[in-house]
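Engineer: In case you want the letters, here they are:
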Amino acid sequence: MGAIEKFQEVLATRHQYAQDWKKKHNGKVIGWLCSYSPVEIMYASGMLPVRILGSHEVQDVTDRYLFPTVCPFSRDALAQGLKGRYNYLDGITMARTCSHVQGTYDNWKNYVPTPFKYYIWQPNHVQSPRAIPLMVREYKGFIAALEKFTGKKITDEALNKAIELYNKNRRLMKQVYEFRKQEVPPITGAECMEMVVASQLMDLAEHNKLLEELLKELPNRKLDRNHGLRLMMIGSEMDDIVFVRMMEELGCTVVIDEHCTGSRYFWDEVKLEKDPLTDIAARYVNRWVCPAVSAEFKPRFDRVLEHAKNWKVQGALVYQQKFCDPHEFDIPHLIKMFKENNIPTLVLEFDVTIPFGQFRTRIEAFLEMLELELV
Amino acid sequence: MTTEFYRWTENSWHSPDIDWHKAQTVTCGIDVGSVSSQAVIMVDDKIYAFCNTRTGSNSPDSAKKALSISLNDTGMKQEDIQYIVGTGYGRVNIPMAGKAITEIACHARGANYMGGPRVKTILDMGGQDLKGIHCDERGKVTQFLMNDKCAAGTGRGMEVMAELLQVPIVDVGKMSLDVKEEPEPVSSTCVIFAKSEAIGLLRSGWTKNQVLAAYCSAMAHRVVGLLERIGIEKEFVITGGIAKNIGVVSRIEKELKIKAMPLSPDPQIAGGLGAALFARDLLLKSRKAA
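Top line first, the protein sequences correspond to chains A and B.
Start counting the first sequence at 1; every next residue gets the next number (this note's numbering).
Start counting the second sequence at 1001; every next residue gets the next number (this note's numbering).
Don't take each hint at face value.
[As the list claims (entries may be wrong)] What follows is a list of derived Cβ distance ranges for each label pair:
#1 B:Pro1168 to A:Asp60: 37 to 47 Å
#2 A:Asn26 to B:Ser1057: 57 to 67 Å
#3 B:Val1170 to A:Asp60: 37 to 47 Å
#4 A:Asp20 to B:Arg1054: 48 to 58 Å
#5 A:Thr13 to B:Lys1257: 51 to 61 Å
#6 B:Lys1180 to A:Asp325: 38 to 48 Å
#7 A:Ser99 to B:Lys1257: 35 to 45 Å
[Claimed, not checked] One-sided excerpt, in silico: chain A residues whose CB lies under 7 Å from chain B:
#8 Arg362
#9 Glu368
#10 Val375
Think of the hints as simulated: they come from the structure by calculation, not from any bench.
From the three backbone atoms N, C-alpha and C, an ideal C-beta is built for every residue, glycine too.
Take the sequences, apply the hints, and build the full model.
Structural biologist: Given below as structure tokens:
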């Protein structure tokens, strides 16, 4: 089984994977919401951090807990807890970013039996100079709680080891992304998404080994498909691989992305400058920013454009989870920026389930528009 | 027999002057939409025959029906058509088509053929969705915008309203203009809620004409909102079934302060016509390659 097939297998059997890990390591598993959650600290505690994601199925179990105007991702994630699919979790945490996913956390805390619960407060304006000391203080509280729960001390050595592991993972995934710059990319956008999502579900010691295998395989990998036009995908949370696959079958390849199940999640490493906690806090403060924690869009947009250019994209698909205001506020400005740089955009609004027929028409029409000569 | 108020006039036409036997190319575009289906047959670069018919429960049958109506009384058979392109919501399921192209590209191309290279903005008001399209002088799409899942502001919504008020759908536009004073538009964006709202208005003593005016005006208002997001450049044209509803069209024109350029022979065939034109391009290209 190749690395990509292994990622696909983990995605399909994510709950089994976590439970097997627990048994094998006689360990604990902690679920996290939102990509601002400091996974390094969780890993250093000896627990396996897994991201809580939705299943993209129609559901009605969250209606008693969250308004229908809460973003579909937050509702879908809560539904998984309410349905008991994460019953094996020993703990749950989130770093405060947006109110919708906080609704998921609050309801999870109250209605999904989970032994350890910890809410990491994070300033809404992470760029504030006072953010780092504040976050270090918060992280210290998180560490104390984790130590009490696991009965195991989180040493600086353990933190450094976790940082090293995550940094390595980030570097390796960036190397895979480099291959997407090729004229005929040896890896599809859906496969890359599987790789990144798997990194949020797996033990990174194992994920890193798979990445090393993948990097050996990629130089000789040839895909039997029409790579078509080069697209970028931009938005909030996105792990609907079925959708990306459908899209790529219509004659395009997603060569680069900017979302929190893609580059925005892993791009930035922890820089080793001070003590581990300060370094981790600095990483989350200075990382590729999510609009949920910043009203300033320039830092994000500069990076988006730089990536669009470096990966030579011919069009950008901007999607948003319905009711996700922070991302929605950015969209008109994003479109304008792309327009000024002659990159056409298509905007789609996502729900838990996606109207495939209608979206297919829009994507096909967008690709037809991008083709120089249609016939 | 119960009257089906939602039924619009199905029509077909073929040219008595064109002798297709002498043609270099005979191509066809079939547009299977969510509510109506069209087949347009082109002989060389001229429209030879077309029809507008109601879409049935499945795409292959609807395509077959549209094609056979268009061929009716022409002496032409399906085998005589050298290339068929499918478009519309059912485009992936049209067995006789050699290629499927989206209705967005086809509407632009069809509108460009009927309205000429000056056409820059197309509003396609279909059975289940709305599209604002910009195109260049060759009819190639440069930008487009579609409404979301909701059926309000579309042909399907209009059918629901015609049934509710028991007014034949072809009379809706005219009746909606026959009011002394333009009423406030209905406020609901959802067709189901708009229906409840209309029932409320009737109970409170509004006439059918007033309710229709309120509905047409709401529809026009929503469409203008969509168009303003994409921007309007002249010439502006309207395609799709609702292009035939004077009550909606005149209100759109009034809000936009711009006249829609009339399209002949039929604004509803734009998608099928565009598909037939693409079919012709594909045929000529394949001959050139061979």
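Engineer: Look at each hint and say if it fits the structure.
Structural biologist: Hint-by-hint comparison with the structure:
1. For the pair B:Pro1168 and A:Asp60, the beta carbons lie near 40 Å from each other, so the given range of 37 to 47 Å is met.
2. The hint said 57 to 67 Å for the Cβ distance between A:Asn26 and B:Ser1057, and at roughly 58 Å that hint holds.
3. Between B:Val1170 and A:Asp60 the Cβ separation comes to about 41 Å, which falls inside the hinted range of 37 to 47 Å.
4. Checked against the hint of 48 to 58 Å, the pair A:Asp20 and B:Arg1054 passes, with Cβ atoms roughly 56 Å apart.
5. At about 60 Å, the beta-carbon gap between A:Thr13 and B:Lys1257 stays in the expected band of 51 to 61 Å.
6. At about 43 Å, the beta-carbon gap between B:Lys1180 and A:Asp325 stays in the expected band of 38 to 48 Å.
7. Against the hinted window of 35 to 45 Å, the Cβ-Cβ separation of A:Ser99 and B:Lys1257 comes to about 41 Å, which satisfies the hint.
8. Contact between A:Arg362 and chain B, as hinted, is supported at the beta carbon level, the nearest pair being about 6 Å apart and thus within 7 Å.
9. The closest approach between the C-beta of A:Glu368 and any C-beta of chain B is roughly 5 Å, which is under the 7 Å cut-off, so the hint is satisfied.
10. For A:Val375, the suggested interface contact is upheld, since its CB lies about 4 Å from the closest CB of chain B, less than 7 Å.
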